[in-house]
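These protein sequence lines map, in sequence, to chains A and B. Numbered according to my numbering, the first sequence spans residues 3 to 410. Numbered according to my numbering, the second sequence spans residues 148 to 776.
Quick caveat, the hints were computed from the structure, so don't treat them as lab data. One or more hints might be untrue.
[Claimed, not checked] Derived lysine-lysine pairs resembling DSS-like cross-links, with alpha carbons at most 27 angstroms apart: (1) B:K660 x A:K282; (2) B:K517 x A:K329; (3) A:K329 x B:K551; (4) B:K469 x A:K282.
[As the list claims (entries may be wrong)] Restraint ranges, calculated between C-beta atoms of paired labels, are given here: (5) A:R86 x B:D666: 55 to 63 angstroms; (6) B:E368 x A:G307: 16 to 24 angstroms; (7) A:E151 x B:L361: 28 to 36 angstroms; (8) B:P179 x A:G210: 51 to 59 angstroms; (9) A:P324 x B:Q167: 54 to 62 angstroms; (10) B:S729 x A:R86: 52 to 60 angstroms.
Ideal placement from N, C-alpha and C gives every residue a C-beta, glycine not left out.
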Amino acid sequence: MVQYTKVPDHPHNENPLLPLITDPADPLAPIALRSTLLEPNTDQFQGPLEKVYLFWIVGASCDGCTIAVTGATHPRLEDLLLGRVPGLPRVELIHTVVSVESGPEWTENLRMAAAGELDAPFLICWEGSIMDETYSGDGYWMGLGEDRETGRQITSLEWLDRMAPKAAAVVAVGTCATWGGIPAAANNPTNAKGVMDHLGKDYRSTLGLPVVNVPGCSPVGDNIIETAAAALLFLNGLAPLPEFDELGRPAWLFTETVHRHCPRAGYYEEGVFAEEYGDKECLVELGCWGPVVQCNIAERGIVDGHGGCMNMGGICIGCTMPGFPDKFAPFYAAPPGSFLSGTTSRAVGGFIRRVRRLTMHDKQRSVRWQDDELPSGWARYKTQPVGAEKAVHRFYSKVQHHNDGGSQ
Amino acid sequence: MCFKNLPIEFDSSGKARLIQSGGDPFAVTTSPIRQYVRPTEGGSGGASPSSAPPRLREWSIDPVTRVAGALAVHTTLDLENRKAVDAYSMAMLFRGYEIILQGRDPRDAIDISSRACGVCGGVHSTVSSMAIEQAFGIVPPPLGVVVRNLGECAEMFYDHPIHLGLLAGPDYSTALVQMTNPELVVMAEQTPAKNAHIHGYKTVKDIMDAMNPLEGEIYLEALEYTRIGRIMCTLMFGKFPHPSTLVPGGVSTTITTSTFNEFYAQLAKIFDYAKRLAGWWDDICDFFLEADPAYEQVGARPSNLIQTGIWDDPNVYDATYKNIDTWGNARYSAPGVIVDGKLVTTDLTRINMGIEEFVEHSFYEDWTKKGPVAFETDPLGNPLSPYHMMNKVTIPRPEGKNFKEKYTWDTAPRWDRMSMETGVYGRMWTTALADNLQPNDFLNSTGDGLRMVMPRHELPEMVLEWKIPKVLNAFERNRGRAYGVAFTASIAMINLMQAFEYWRKGETKTATKFKVPQDERVGYGYWEAGRGYLSHHLHMDKGKLLNYQINTPSTWNAAPRDPFGEPGPYEEAIVDTPILESVSDDNIKGIDILRAIRSFDPCMPCTTHMDTGRGIITREVNSCSCTLE
Chain A
3 MVQYTKVPDH PHNENPLLPL ITDPADPLAP IALRSTLLEP NTDQFQGPLE KVYLFWIVGA
63 SCDGCTIAVT GATHPRLEDL LLGRVPGLPR VELIHTVVSV ESGPEWTENL RMAAAGELDA
123 PFLICWEGSI MDETYSGDGY WMGLGEDRET GRQITSLEWL DRMAPKAAAV VAVGTCATWG
183 GIPAAANNPT NAKGVMDHLG KDYRSTLGLP VVNVPGCSPV GDNIIETAAA ALLFLNGLAP
243 LPEFDELGRP AWLFTETVHR HCPRAGYYEE GVFAEEYGDK ECLVELGCWG PVVQCNIAER
303 GIVDGHGGCM NMGGICIGCT MPGFPDKFAP FYAAPPGSFL SGTTSRAVGG FIRRVRRLTM
363 HDKQRSVRWQ DDELPSGWAR YKTQPVGAEK AVHRFYSKVQ HHNDGGSQ
Chain B
148 MCFKNLPIEF DSSGKARLIQ SGGDPFAVTT SPIRQYVRPT EGGSGGASPS SAPPRLREWS
208 IDPVTRVAGA LAVHTTLDLE NRKAVDAYSM AMLFRGYEII LQGRDPRDAI DISSRACGVC
268 GGVHSTVSSM AIEQAFGIVP PPLGVVVRNL GECAEMFYDH PIHLGLLAGP DYSTALVQMT
328 NPELVVMAEQ TPAKNAHIHG YKTVKDIMDA MNPLEGEIYL EALEYTRIGR IMCTLMFGKF
388 PHPSTLVPGG VSTTITTSTF NEFYAQLAKI FDYAKRLAGW WDDICDFFLE ADPAYEQVGA
448 RPSNLIQTGI WDDPNVYDAT YKNIDTWGNA RYSAPGVIVD GKLVTTDLTR INMGIEEFVE
508 HSFYEDWTKK GPVAFETDPL GNPLSPYHMM NKVTIPRPEG KNFKEKYTWD TAPRWDRMSM
568 ETGVYGRMWT TALADNLQPN DFLNSTGDGL RMVMPRHELP EMVLEWKIPK VLNAFERNRG
628 RAYGVAFTAS IAMINLMQAF EYWRKGETKT ATKFKVPQDE RVGYGYWEAG RGYLSHHLHM
688 DKGKLLNYQI NTPSTWNAAP RDPFGEPGPY EEAIVDTPIL ESVSDDNIKG IDILRAIRSF
748 DPCMPCTTHM DTGRGIITRE VNSCSCTLE
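Full structure from sequences and hints, please.
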C-alpha cells in the first residue's frame, strides 16, 4: 500500500495537470484543431465561406433555447453541422451540451477564438441573460472554464467580452439574451440584462452588425436556425440580406402579432370567448396577450409545425416581448385592454356571426336538395329554411348572382 | 425503523414524533470534509515495495460537456494506481429565480418556475400546478390528470433519448474507444450482438460505430426521436420546452378527438424505439462488463436512492396533503427511499420528513443561524427539520471557490442525513420493490425487476425485462435509462386507454374552476423529472407568494459535501473509479471519469438557483472578481 497525505487546499499548487489533448486526430481534442484536418470542400456549388465556427455560450440560461434549436427541422441542426445544405458553410459547433471534448480542451476553443487563432470566421450565439459579475464579489454568478496557467475561474461573461470584438456576428438567442427575460425580472439579485444592453450601442461585429435578436422563451427552434441559415446564405452570396426590425429581430418572423395568425382569431372576430380552461374559443379573457405580442408561433408551431400556445389552448404570456415577464403579469388575468376590444368584438362580431350562420345554412344544401328532403340516413339535418330565412337566402342569392342571370 | 440519523420516531399507530433529548433535536455538528487520502511524493515511511513515486494529476473538468447546464468537476487522478482519488462537484450558475417569484400571483409560478429548466421542459410547470392546486384546495377532473400523465410520458420520450444518444452515447462509440482502448474495438468487431434480431446491428462494433458523435445512425436517430417525443408532448402541453397549457386544477389544453388519436399514432413508433434502445444498450453494457469486470466499478456508489413518484391514478389523486401517502402510493411510478438496496418507505410524508438541505459548502449562508424558522411541522403535524425546504431562507454569498470551504452553487440535500441519488432507474427500482401496481396489460413488477409489454409496430410485440442491478454504476444507470423508455411507454399506453375511456364516457372536462384564496396556505408538490426526484414548495398569503422553493434531481446528484463532511453522489461515484484506458499515462483522457459523471444525466439549470433569498446579497464590487483564493 502506498502512503497518502492530505488534500491540498489548492490542487494547482500540488500536482501537475493532466496534459491538454492537442493531437488534431484525437476526437477529444478541441474542435478548432480537429477541424483543420478536414478536407476542404471542393464542390463547384460553394460560396466563399466554406466553414464557420459557432460558439454557443450561455449566461443565466435554462438551456431551453438549446433544446429548442435541437428540435428545429427547417433545416435540422445536424444538417448545418454536417454541411448538408448545399452552398452553405459547414458549421463547427462549440456547445457544452453537444461538444465531444470537455473541460480544458473545450475552453481552448474559446481561447483560440479570443486570440484570433481560428482558421475560419466565427459566430457567437448567446443564450441566457448577462448577469452583472461586479455584483458577485470574489465569486461568480456563472463560471465557465479555468485559466490553465493560473487556475483562475473565468466567467462566461468574460468570454463574451473577449470574443465579441472578433466575432462575425453575435446572435442573442431567447428572451433572456435579447431583453433580459426572467433573470432580469423585478426582485432579481444579479442585475441581469440582455446582450445588446451589455455590449452597448456602439457594438458592431466584424461584419458591421449590431447584436441580432431572436426572442422567445424558449423561441421556436426554427426561428433560431432559420435566422442563422439566412445569414449564412447571404454571406455565401445566395440570398438577400435578411431584414431586421428596429430592435434587431428578423423582420419576417416578428413583425406580425401572433393574434393575426392565431387559429382562434376567427372566434375573436365573431365575438366568442373561452370562459373556462379547455374551451375552444378565443383565449383573450382567460389572460391571452396575443393581440399585442409579436410572435409567429401560431403559424409555425413549436416543433416541426406541431403545437403552439394558443393552437393547443394555452394563453399567450408575451414571452417574446421586451416587457416579459413583468409587463404581462399576472399572466392569468385578462389584459385590461381586452375589456374594450372584447366588448366591441362581442357587439359587432356577435351580429356578424349570426348573419354568417344564416348564409352557412344555405350553402350547407346542394342544389339538388333545394326542394327535397335530404335523402340520407343522417336525417337529423333539416334542409328546408322557412319564412324570413328563406327570404334572406333568396335575396343573398340574387345579389351574388346579379351578373349571371340570377340563377338559384 | 424509518430514520437512523434523524431524531424522529413513530408511535404504535405510526404517527411521527420528535425524540426529545434536550436541546435542539436537529442540531448539526459539523465535521471537516471527508479527505480522500493520496499517495505521498517519494513514498516515504512504511511504503510497500511496489510504491513507486506516485503520479498524481489534477484535472479540472470545467465545463463538463455533454451534460445539460453548467457543471464543473475537479478531480485528482492517481496514474500509479490508475484511479480517481478525489472529486469536487461544482454547479457553476446562480440566477435567483425564487427571489423573483416572491410577491407574485401564485398562478404565475407555473410559467416562471418552468423557466428554471428548459431541459426538463415540462416537469416544473406540472409540479408547480400541483403544489398550487393543493394550496388552493382544488382537484383536477380525471381527464385532466390523465392528460398531464400523457404529456409527462411524452416528455420522457424526448428526455431519455437525448441523453442516451447525444450526451452519454459518444463515450461508448468507436471514435472515442479507439483512442482509449483500441483492443476493445478489435474485440467488439469479433463479438456478435446478442440482440441483432431486434436492432439489426450484427456485431457490437456495428453498434459502437452507430454511436459515433454526429455521424452515427444511433446518434442522429436519437435526435429525431427527441422531436417525436416533443410533438407528443405539445399535443398535451401546447409548447415544449415551457408548456403553455398547465394550470392549477388541470390543463387548459383544448382536447379534441384528434388529440389522443395523434398521440397513439406517435406512440407506436416509441414502442419500437424502446425495444431497440433496450437491445443495443444491453449489448453495449454486457460487452464492456464482460470484456473487463473492472468496469463494474466505474461510477459505482452505494444503492441509496430517493424517488418522489410520478403519474397519478386519476381515481385516487385528490391533490390534498392529508391523503398524500394514499395518492402517492397509487402512482404508476412509486415514490420511495432505498437504502443499501432495501426499500425503507414509500410514503411521501416520510420522504418529506427526512429531507434537509445543507449549505455548508455552498455559496450561501446558513439561514437557521439567522432566527426562528417558519414551520416546525408539516400540515399533518409531522416534525420538519429547520433545514427542510419549507424553512429554507437562502442567503446567497458568491465567493471564490475553495475546496475546504465553499465551492458550488448547488446545495447538499440529504435524506435522514444520507447522500441520496435519484434517476429514472431509481423510479423503476422503487416501482419494482413496492410491487403495488394495479393489474394491467403492460407493466408488472417481478419482485426483482419490471416486466414490460411493448406492443407490435414494425417489430413484433415483445416482453422486455429489466432487472434491479447488483451494483449501481455507470453502465447500469444507462441501461436503466434505456429500459426507462419502455417503462414510460407502458405507462403511456395504460393512460391512453384510460383517456379513450373517459372520452367515451363523456367525461371530457380537463380543469376545475377556482378562486385564488386570500388566506395563508401551503402547497407541497411532489413529482418527478426525467432524472428523478422533484419537489416544489410554496407558502402564500393574501393571494401572493411568500416563499417558493424548488428541489430537483440534480440538486441531489450534484450535491457537494455536507456538514458531516460526506460527499455527494457524483463525488462518491467518481472517487475510486478506475482508469481502465489501455494507453500510456501521457495519453490518458479520463473517459471513465466522464462516463461516471454523465451516467447520472446531469441537468444543472434548475440545480443552481435553489434560492429563496429573503436575504441580502453583499454587493462587494471588486475590481477583479476573478482571482481564485
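Hints, one by one, checked against the model:
Pair hint K660 of chain B plus K282 of chain A holds up; C-alpha atoms about 16 angstroms apart against a cutoff of 27 angstroms. The straight-line distance between the Cα atoms of K517 of chain B and K329 of chain A is roughly 34 angstroms, outside the 27 angstroms bound, and the hint therefore fails. For a cut-off of 27 angstroms, the pair hint linking K329 of chain A to K551 of chain B is broken: about 44 angstroms separates their Cα positions. Distance check on the hinted pair: K469 of chain B and K282 of chain A sit about 35 angstroms apart at the alpha-carbon level, beyond 27 angstroms; violated.
Look at R86 of chain A against D666 of chain B: about 60 angstroms separates their beta carbons, and that is inside 55 to 63 angstroms. At about 20 angstroms, the beta-carbon gap between E368 of chain B and G307 of chain A stays in the expected band of 16 to 24 angstroms. Between E151 of chain A and L361 of chain B the C-beta distance comes to about 32 angstroms, which sits within the given range of 28 to 36 angstroms. For the hinted restraint 51 to 59 angstroms between P179 of chain B and G210 of chain A, the CB-CB distance of approximately 57 angstroms keeps it satisfied.
Separation of P324 of chain A from Q167 of chain B is about 57 angstroms and conforms to the stated range, judged on CB atoms against 54 to 62 angstroms. At roughly 36 angstroms, the beta-carbon separation of S729 of chain B and R86 of chain A lies outside the given 52 to 60 angstroms, and the hint is violated.
Checked against the numbered hints given earlier, the structure breaks hints 2, 3, 4 and 10 and satisfies all the rest.
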